[in-house]
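Colleague: These protein sequence lines map, in sequence, to chains A and B. Reminder that position 90 of the first sequence reads as 90 in the numbering used here, one-by-one numbering, no gaps. Reminder that position 112 of the second sequence reads as 112 in the numbering used here, one-by-one numbering, no gaps.
No lab work stands behind these hints, which were simulated from the structure alone. A portion of the hints provided could be inaccurate.
Unchecked claim - Distance ranges between label pairs, derived from CB positions: (1) B/54 / A/166: 32 to 42 angstroms; (2) B/180 / A/50: 26 to 36 angstroms; (3) A/25 / B/174: 46 to 56 angstroms; (4) A/74 / B/54: 38 to 48 angstroms; (5) A/50 / B/53: 29 to 39 angstroms; (6) B/168 / A/66: 19 to 29 angstroms.
Stated by the list, open to error - As a list, the in silico SDA-like pairs of lysine to any residue whose alpha-carbon atoms are at most 25 angstroms apart: (7) B/202 / B/85; (8) B/174 / A/19; (9) A/148 / A/132; (10) A/150 / B/70.
Where a beta carbon is used, it is the ideal one built from N, C-alpha and C, also for glycine.
These are the residues of each chain, in order.
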Amino acid sequence: MRYIYIFVFSFSILSAGGGILDIDWSSVAPKSIQQKPSAPYPKVLTEGIKDVHLPVYLSRQFAYDKNMSVVADKDFYTITIDLDEAVVTFSGDRTYQESVSPKNPEFQKIAKATPPVEYNSAEGIMSAMFNRHGANYSINIECEDPKKDKRCQKIDFISSLYHSLTIVGGRP
Amino acid sequence: MRYILLVGFILFFTSCSQKRVEKLRGFSYTPAGKLVPAKSGKGRVGDTYIYAPGIRFPIEEAPAYINSQVYGIGGYLGEKGSLCDKRNYQYPWHDNYCEKRGWKMPLCSGGKGHQGDDIRTATCEKKKYHAVAVEDGRIVSIGKYTVSLRGKSGRTYRYLHLDPKTLQVRRGQKVRRGQRIGLVSNYMGKTPTSIHLHFDMKQTIKIGNKSKVMFVPPYTSLVDAYKRLLRGNP
Numbered sequence: 001m002r003y004i005y006i007f008v009f010s011f012s013i014l015s016a017g018g019g020i021l022d023i024d025w026s027s028v029a030p031k032s033i034q035q036k037p038s039a040p041y042p043k044v045l046t047e048g049i050k051d052v053h054l055p056v057y058l059s060r061q062f063a064y065d066k067n068m069s070v071v072a073d074k075d076f077y078t079i080t081i082d083l084d085e086a087v088v089t090f091s092g093d094r095t096y097q098e099s100v101s102p103k104n105p106e107f108q109k110i111a112k113a114t115p116p117v118e119y120n121s122a123e124g125i126m127s128a129m130f131n132r133h134g135a136n137y138s139i140n141i142e143c144e145d146p147k148k149d150k151r152c153q154k155i156d157f158i159s160s161l162y163h164s165l166t167i168v169g170g171r172p
Numbered sequence: 001m002r003y004i005l006l007v008g009f010i011l012f013f014t015s016c017s018q019k020r021v022e023k024l025r026g027f028s029y030t031p032a033g034k035l036v037p038a039k040s041g042k043g044r045v046g047d048t049y050i051y052a053p054g055i056r057f058p059i060e061e062a063p064a065y066i067n068s069q070v071y072g073i074g075g076y077l078g079e080k081g082s083l084c085d086k087r088n089y090q091y092p093w094h095d096n097y098c099e100k101r102g103w104k105m106p107l108c109s110g111g112k113g114h115q116g117d118d119i120r121t122a123t124c125e126k127k128k129y130h131a132v133a134v135e136d137g138r139i140v141s142i143g144k145y146t147v148s149l150r151g152k153s154g155r156t157y158r159y160l161h162l163d164p165k166t167l168q169v170r171r172g173q174k175v176r177r178g179q180r181i182g183l184v185s186n187y188m189g190k191t192p193t194s195i196h197l198h199f200d201m202k203q204t205i206k207i208g209n210k211s212k213v214m215f216v217p218p219y220t221s222l223v224d225a226y227k228r229l230l231r232g233n234p
C-alpha cells in the first residue's frame with residue numbers, strides 16, 4: 001500500500017512551484033512587537049533584519065551579541081552565533097518550494113504527527129523545528145565534538161534556547 | 001520536409017552520442033530507494049520525482065560514487081575491510097537516503113532514517129576534490145563541519161565534512177552555480193568520519209494551509225545532475 005501511495009505521490013500529487021506563506025500577524029502578541037528592548041539591539045542585528053517580512057525570533061541571551069552574523073532577505077533569515085566549540089543558528093523562512101494536497105494520506109499523516117516543536121539529533125547536529133504565525137523556524141547547534149558535547153547530545157540546551165525566544169524584529 | 005528530417009536526424013544523433021558518453025564512462029545506478037545492502041533499511045522506493053531539477057552535481061569532477069558509508073566495506077556496520085577498498089569506488093550507485101538511523105525523517109519508512117546521500121570522490125584521498133555550489137544562491141551558515149547554501153529556489157543544500165581550512169566561501173557570500181566551496185574531507189570536528197561528502201536538501205512543502213520543512217530525497221536530482229556532468233554540460 002505504501003508503494004502505491006509513493007507512486008501516486010511521485011507522479012501527480014506533488015506540485016512543483018513554490019510561493020510565499022501568509023503570516024498571521026494577528027497571532028503575534030502585540031506586546032512582542034511593540035515592546036522596546038531594554039537596550040538597543042546591536043547594529044549587525046537591526047541592519048541585518050530590517051527588510052525581513054516575518055517575525056524574527058532569537059533567544060534573549062544572544063540578542064545583544066555583537067559578534068553574530070546575519071544573512072537575510074525579505075522572506076527568510078539566518079542568524080549565526082559562534083559559541084565556545086559550537087555554533088548555533090536561528091532561522092526563519094516563509095517560502096515554500098512544493099505543495100501537496102491535504103488529502104494526500106502520507107502528508108496528512110505527517111502533518112498530524114508534527115508536534116508544536118520537534119527536537120531532533122542527526123549528523124551530530126541538534127535541532128528544534130517549529131511553525132509559528134504561518135512561518136517555519138529552526139534552531140540548530142553544531143558542536144566541535146558532537147559525540148561528547150552535551151549541547152549536541154541532549155535536548156536541555158536547545159530546549160532552553162527555544163524557551164527563551166523573543167521577537168527581535170520583522171514587519172508585515 | 002527536408003528540414004524536419006534534418007532536425008530529427010540531429011536530435012537522434014545527439015541523443016545517441018550522449019548515451020554513448022554515459023556508456024563509455026560506465027556509469028550505472030540502482031533505482032532510487034533501493035538500499036544496498038538490504039539490511040541497511042527501507043528506502044523510499046518508487047519516488048522518482050526530481051525534487052531539485054537542474055542542479056549542478058555537488059562535486060566538481062566525475063567520477064564520484066554514491067553508496068553507503070555505514071554499510072559499505074570498512075563501514076561501521078559493513079563488511080570488514082578498508083574504507084578505501086576499490087569496491088567502494090565503483091559503479092553502480094546506491095541510494096542511501098533513508099538508510100537506517102535513529103533520526104526523525106517523516107519521508108522515510110517508520111519515520112526515521114538518513115537525511116541525505118553520501119558521495120565518495122573519485123579516489124580515497126581527502127582534501128583533493130572540490131565541492132561546488134549546486135545552484136546560484138547565498139551561503140547562509142557555516143558551522144563546525146557544515147556549509148549551508150540557500151539556493152535561489154529557496155531550497156537549502158547542506159554540505160558536510162568539507163575541510164574547514166580549505167573553505168572558499170564565507171557566511172553571507174553570494175555564490176554562482178558551480179563555484180568552488182571547499183575540499184571534500186572526513187572532517188567532523190573532533191570525531192572524524194570517512195572521506196565523503198554528505199549532501200542533503202531541505203525544503204518547505206505546503207500541505208493545504210499548513211507547511212513543513214523536510215529533508216527531501218536528493219538521489220534522483222543527483223543522478224540527473226551527474227548525467228549532465230558526464231556529458232560535459234553540468
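Colleague: A separate judgement is required for each hint: does it hold in the structure or not?
Modeller: Here's how the hints hold up against the structure:
1. B/54 / A/166: 32 to 42 angstroms: Since residue 54 of chain B and residue 166 of chain A have Cβ atoms about 40 angstroms apart, the given range 32 to 42 angstroms holds.
2. B/180 / A/50: 26 to 36 angstroms: Taking Cβ atoms as reference, residue 180 of chain B and residue 50 of chain A lie about 31 angstroms apart, which means the hint holds.
3. A/25 / B/174: 46 to 56 angstroms: violated (30 angstroms)
4. A/74 / B/54: 38 to 48 angstroms: At roughly 24 angstroms between Cβ atoms, residue 54 of chain B and residue 74 of chain A fall outside 38 to 48 angstroms, so the hint is violated.
5. A/50 / B/53: 29 to 39 angstroms: Holds, since residue 50 of chain A and residue 53 of chain B (Cβ atoms, about 34 angstroms apart) stay within the stated range.
6. B/168 / A/66: 19 to 29 angstroms: holds (26 angstroms)
7. B/202 / B/85: violated (31 angstroms)
8. B/174 / A/19: holds (22 angstroms)
9. A/148 / A/132: With Cα atoms ~32 angstroms apart, residue 148 of chain A and residue 132 of chain A exceed 25 angstroms; violated.
10. A/150 / B/70: Within the cut-off at roughly 24 angstroms; holds.
The earlier numbered hints that this structure contradicts are 3, 4, 7, 9.
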